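From just these sequences and the hints, can you work out the full model?
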Amino acid sequence: MKRQMNSLDLIARLIEFDTTSAKSNLALIDFVADYLSPLKPDLRLTRSDDGRKANLFATFGPKDAPGIVLSGHTDVVPAAPDDWTSDPFVARIADDRLYGRGAADMKSFIAVALSLAPRIAQAKLRQPIHFAFSYDEEVGCLGVRSLIADLKSLPVKPALCIVGEPTEMGVIVGHKGKKSVTCTVHGKEGHSALNHMGVNAVEIAADLVSKIRSVQKRIRAEGPFENGYDPPYSTLHTGLISGGTALNIVPRECRFEFEIRNLPSHDPETIMAELRGHAQDLVVEMLAVDPLTGILFDERNSTVGLSVDDDSEPARLACQLTGCNHTGKVAFTTEAGLFAQAGVPAVVCGPGSIAQAHRPDEFIALEQVRKCERFLNDLLNRAC
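Using my numbering, the first residue of the sequence shown is number 32, and each one after it goes up by one.
These are computed hints drawn from the structure, not numbers from a lab.
As the structure is a computational prediction, the values presented were derived from the model and not from experiment.
Just to be clear, a hint being listed does not mean it is correct.
Unchecked claim - Here are the simulated distance ranges between beta carbons:
id	residue 1	residue 2	range
1	ARG390	SER68	34 to 44 angstroms
2	ILE124	ARG150	16 to 26 angstroms
3	GLY354	LYS54	34 to 44 angstroms
4	PRO263	LYS188	31 to 41 angstroms
5	ASP409	SER68	21 to 31 angstroms
6	ASN226	ASP61	55 to 65 angstroms
What the hints assert, rightly or not - Subject to a maximum C-alpha distance of 30 angstroms in a straight line, what follows is the list of computed DSSO-like cross-link-like pairs (lysine-lysine):
id	residue 1	residue 2
7	LYS71	LYS54
8	LYS183	LYS155
9	LYS71	LYS402
10	LYS94	LYS155
11	LYS54	LYS219
12	LYS188	LYS94
13	LYS94	LYS71
14	LYS242	LYS219
15	LYS183	LYS219
16	LYS71	LYS188
17	LYS155	LYS71
18	LYS71	LYS183
19	LYS54	LYS183
20	LYS183	LYS94
21	LYS402	LYS188
The beta-carbon is built from N, C-alpha and C at its ideal position, and this holds for glycine as well.
The following block contains the structure:
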């Protein structure tokens, strides 16, 4: 293998690995481990329960000082080739852009960090630099949780974390949290001509979806609000629904999925309590028809938001390195909130635009790659 590769070579190589969240990321992790091993970092893997996926955590420099974590996720969202101008898993450069699934979100940040690894390994670091590359961020920041738990085994907790999600190299000090919920309504099946003897699971689910919509309308009008976010309030959204078997059968079951993207200062449990209360009122009516009916909420995932002061160490450092004189907030969720929750102050700052993520012909502007290179080079110089 070519041991020293530039950023664009590494971006192209990482894009070649189809690390869609439903698939394994081990081939990419093995490549990164093989690339880094000759540089002799302290390298460890934390694997998923089924062994199909892994996080990679690599440390360069002294182990007795608080260091800097450079964090990125290795998984990507699905890509339908028919929707793309070219193969989504083959990097293509045209018009000062690099195209490919993960180019913006977020293999470019990982690649730029890796391109700097030979210099990091040779530098006289006064504080360590850690690479933290995780799995399954796109389906709920799942993998990074075990990576963060493993940080407890370090001699010294990291001083700060920079999560390289695409922010066009802006410094992000706040992002919303996210709670993903599946709701299953168990009704009573029957002939539609005798619907008074059944419990229509689709209609009960529709009532709950309507309640979610009414809560969203109230929050949109009354808040709470927080400046800097677009939109400046918590949001609720129903994304999937399915149920029923035939038009002339009272549906026995209906299932839908919804999410809450909450402001860091807005506890999503208060929203869930209101939805559960409404569901309980519906269940009373359902049980009057059949004792086997009911409503089940399955909270599949919950990720905390991020709220960091502008004068915090990671915010000040990132602003100094980027030359930004202001910070920002974003509506999407990242792993930064989980690092901060674990006592590692974090900000989000990375190349590319979130507007290009999760869409056909995803790309990153080459100028964004160059800005990230300058940013991480300056970071290395400060760590020496």
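**Item:** Numbers of the earlier hints that this structure fails to satisfy, in rising order
**Value:** 11 and 15
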